[in-house]
Amino acid sequence: MGKLLKAYFVPNGSYLMQEDEDGFPDPSVDALRNIGREVREELKAEVVVVASPHWQTKSGFYVDPGEHHTSFTDYPLLPAKWGRRPFSYEADGDPELALAIVESAKAKGLNVGTKTYGLDHGAFCPLKVMRIDCKVIPVTITQRPFQECVFWGEAIRDAVQKSSRRAVLVAPGNLTHRLDLRHDDETEAYFDKGKQFDELVIDLMTRGKFQQLETLDQDLLKAAAPEAGLRPLYLIRGATGGQPGRLLCYHGMKYSVGDATFEFPIAA
Amino acid sequence: MAFSQEFGSGFIYDAKQKKAILSGKTEDGIEVEIQLIRRNEDDSHDAVLQVGKEKESRFVLRGDDVEYPAGRIQLKNPPLRILVDSTTAAKFRGFTKGNIPTPDIPADSLP
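Top line first, the protein sequences correspond to chains U and C.
First residue of the first sequence? That's 1 in our numbering, and the numbers climb one at a time after it.
First residue of the second sequence? That's 1 in our numbering, and the numbers climb one at a time after it.
Okay, chain U solo, but in the shape it has when bound:
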């Protein structure tokens, strides 16, 4: 019998790959490397289901059932004269479990299907820094209603449990996500509403208060503009049963995004 071992909420900014490659000190990079080590050496996961916050279909939920996945560059590249550095990543897929996730989601009444998509940076950036070398299944985060994202997480867990796989769920995303406010001289306190928002969500997640995400102050939510509307956390709620998370790293307001890294246990 298969098992969903853990779920992770992680940052996905493309700069993390650059810092990782350059050896630039960054707690978020360290946290990703530590998660990767745990997934490979302690959990011994056979497959990672990764829900990119940049795969935002409107019509329904999708899984890429391919036997092999390659990445594509969906983030702005620096001009060539400034050292343009496109990154890449490849991983084998798991068609059998991918199709089982589709069937599991259908049983929950979700509009679900398959697409040949690959790995955008929202998926491959953290996996690359984590040095994930097992099978990978890309799935959508979508623009669907929050409750459907909870069911999507449940569907993923059910499919894994009915399989023979040891799996983890990686749901990347940022809390505050205001790239329009990016400045060279920014500090952690630069965008106070973003900081307030991040601290509030971190408090809720570490206490397992997922339901309170739905009642967040709308003005604060709008100001923070969290990536994918916090859907990665709704997905995690469904997949884990809403267990309290453990904050592994919070890097504050860097590049006007709230880089928080959590791990979530799975309810028995």
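Honestly, I wouldn't trust all of these hints.
Coverage of chain U stretches by chain C, computed from C-beta distances (three or more under 8 Å per stretch; other residues unrestricted) [what the hints assert, rightly or not]:
(1) 68-74
(2) 116-125
(3) 166-180
Capping the alpha-carbon separation at 20 Å, the derived lysine to aspartate or glutamate pairs in DMTMM-like fashion look like this [claimed, not checked]:
(4) U:LYS115 x C:ASP43
(5) U:LYS195 x C:ASP108
(6) U:LYS115 x C:ASP65
(7) U:LYS115 x C:ASP42
(8) U:LYS115 x C:GLU41
(9) U:LYS106 x C:ASP42
(10) U:LYS58 x C:ASP14
(11) U:LYS115 x C:GLU67
(12) U:LYS58 x C:ASP46
(13) U:LYS115 x C:ASP14
Think of the hints as simulated: they come from the structure by calculation, not from any bench.
No residue lacks a Cβ here, since even glycine has one placed at the ideal position from N, Cα and C.
Chain C: place on chain U using the hints.
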């Protein structure tokens, strides 16, 4: 390919206007621009096509209506072959399948 030097790709996402723009050339060297101005509920896109100085035309773009022979984007309807670099083709392909890239022109909300 007016913005490929600045943005590193012939495909950019303008989050302020919530639209994506593809820039390439026909095999005859004529400039082509496709603006994807709206993502519909079925994940198709309302698109505006400009080929050279011809009058712009509008069509609905579906992900399955595009093929990617080497170094090219092949639209089925309207039938048109566009030359682009591989980064641009992959970014365009991803967008037609539901990707919202990190915006080249950011805004205060996403997507």
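Starting from the hint list further up, note which numbers the structure goes against and sort them upward. Number 13 - this is the single hint that the structure violates.
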